[in-house]
Amino acid sequence: MIHPSAKVGQNVTIKEGVIIGENVTIEDDVYIDYGCIIRDNVYIKKGSFIGAKSILGEYIVDFYKDRINKVNPLVIGENALIRTESVIYGNTVIGDNFQSGHKVTIRENIKIGNNVVVGTLSHIQPKCTIGNYVRMSNNCAIGDGSKINDYVWMFPNVVLANDPTPPSDKFLNVTIDSFAIISASSLILPGVHINEDALVGAGAIVTKDVAKETLVVGAPAKEVCSVRKIKNKFTGESVYPWRYTFKRGMPWKESDYDTWIQSVKFQEK
Amino acid sequence: MIHPSAKVGQNVTIKEGVIIGENVTIEDDVYIDYGCIIRDNVYIKKGSFIGAKSILGEYIVDFYKDRINKVNPLVIGENALIRTESVIYGNTVIGDNFQSGHKVTIRENIKIGNNVVVGTLSHIQPKCTIGNYVRMSNNCAIGDGSKINDYVWMFPNVVLANDPTPPSDKFLNVTIDSFAIISASSLILPGVHINEDALVGAGAIVTKDVAKETLVVGAPAKEVCSVRKIKNKFTGESVYPWRYTFKRGMPWKESDYDTWIQSVKFQEK
Amino acid sequence: MIHPSAKVGQNVTIKEGVIIGENVTIEDDVYIDYGCIIRDNVYIKKGSFIGAKSILGEYIVDFYKDRINKVNPLVIGENALIRTESVIYGNTVIGDNFQSGHKVTIRENIKIGNNVVVGTLSHIQPKCTIGNYVRMSNNCAIGDGSKINDYVWMFPNVVLANDPTPPSDKFLNVTIDSFAIISASSLILPGVHINEDALVGAGAIVTKDVAKETLVVGAPAKEVCSVRKIKNKFTGESVYPWRYTFKRGMPWKESDYDTWIQSVKFQEK
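Residue numbers (our numbering), protein chains in the order written: chain G, 1 to 269; chain H, 1 to 269; chain X, 1 to 269.
With the rest of the complex left out, here is chain G (with noise of 0.2 Å):
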């Protein structure tokens, strides 16, 4: 069931059981695969691939007292890989070369970079504001309000919180600066300030500001060394900070970290 006020690309594949509402834009090449439901003011940028059964678009709050969709549009960057029974809504910005595991739940009033990943069950809730090439693996919980800076990465099962005094109204939210690294299972508390390049243990407490280039580990987290002084376990070579030492995926893979950044900011002279 495709709304005709649907404006619909060259090479755009539409499978069996989609149902597409009032005012949607799907540019071409996106692929769009069975049983979706692709709401109104929904934007999806070209070469796009949505899983079966995602939901894009969907309703915030204001759906419920009557009944009838508000205007909120939902902007899909181009390349998107959005895997099966992802839940979107509408009031948010993807960037570029999104890609998402299994059944995500991205929710209203959320900006995205471009080249983020989020994994399976992960869950980012109101008001986010997350950068470019940040990596979130599976079951992170994201509180209203996160601003997670670029180069973030996140490990399985993380949880970023945002309230002081259970239960309020008044959050106070976590802030990630770039190249950050949370590990499995940790726990942010709210208000909470890493800061860049730092290194959170696997399931740390971490319940006061986390120092630049600083591994913190426990529960409550506290100052172990600085990230320099961390090896590889199999080389004995430094590890951090991992922009110098870690290049899958990112934007300087095809030489290293100096190089590009030095061609960068050439470029923006």
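In case anyone wonders, no lab produced these hints; they're calculated from the structure.
All values derive from a computational prediction rather than experimental measurement.
Some clues are possibly wrong.
Computed spacing ranges between beta-carbons, pair by pair [unchecked claim]: (1) G/K222 x H/A211: 23 to 33 Å; (2) G/I2 x H/K222: 36 to 46 Å; (3) H/E223 x X/V93: 49 to 59 Å; (4) X/V61 x G/E196: 39 to 49 Å.
For glycine and all other residues, C-beta sits at the position ideal for the given N, C-alpha and C.
Following the hints, put chains H and X in place on chain G, whose structure we already have.
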């Protein structure tokens, strides 16, 4: 595909791809979104909204031997708002004004009171009893037979366990008394009783009973102080017991807890 | 929509809205509930039940470049009971009598033995090997390449990690030996080897190998005692190794472990 035995009230919306089984009652003003499966013997009270692709009256284990659905009724109270892809089993009763996030799982032999909220991806196992005005955030896992009283709050990733010597066949259930608060990512061990107005800190592992109005933190959780000593970070004022400082969505929202409870007691006379 | 190449056995039920791709074999007495997607090259053995809206033979990453499905067969053994909305990838083999909860995700290049149970919302990442009679509760996240031997139990929210210096390209896999028990909300760090009959306490963070028949608890987990010292809270009797005290669903359920293992050894001669 709607079974002819279905009783459907006035002003009911049933979207495309919905399956409705035998002996289903749908009261007035119910909205059933795309692709839901309403199995046999489900009763949906007036004004409820059933999110897309939800499954109500799901088979309990007695179905699988002969693939014949036994009579295991599910009742959904008035004005429910059940978000997409939720699964609710037969032999369960849910009160009025229930709200769920996406992809919740609610098993059989559960009794849920009025005005309860269950967050995205939360999972309530069989034989639980959940009071009125209980608020459960996303990704909570509530073990079999847990007893959660009125006005309890549970934040993301809370786990209530039930097997003291796993694997075994003899469970010890968790009990949480009214107005208690279980903060994010905490784990409550089998048989623990958390008393009224207690506060479990984020990431705590609670191995023994928690006294009334007591804050516990850590792993294993230890008593810190009375909850009355906790101050709001913004205002410096006392926060707990929270019923005196928080009213959003509560029955005392129009006045305050004391005024409301007096009026309730007056009416009860 | 059933592709004409499908081979469908006797007494097969295929409910409304099911999609069946090319080169699919469905043996006798299989039941495929509403809205399932069975992609190409899936083989479902006799007596299996596929829960509503499940997706079998899900695309692996090689699909997305040209949107042509390569040959990545999935085999589901006899008498499976797969609950709703589960996603199982191609290039995976699952043994007989498999049971899953709802919304499980099982990725590619996985080998699962017979009589395995995987709970609701659990997620098994690629290249894992899982033995026979493994029981995994809800919300477990099993990292790439984990090796789980026979009769292992894992309780809710267990995470097996795999990257010792995240982000990296060189993983260290977790190995769990037979009869070990991993309690709720525990986290096993990369490369850890948990030996036979060990018991990991609830909420533990396991940073190094755990010796045979040893109880570890805490974060980081520390040795407490032999599992043989743990008593049942109700009876005061020894509980572990659990194969001598628990038999529900086990191959020795009709007698006891010793009698059964003797008969197995006798048959093997």
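**Prompt:** Which numbered conditions among the earlier hints are violated in the structure presented, ordered from lowest to highest?
**Reply:** Hint check: 2 and 4 fail, others pass.
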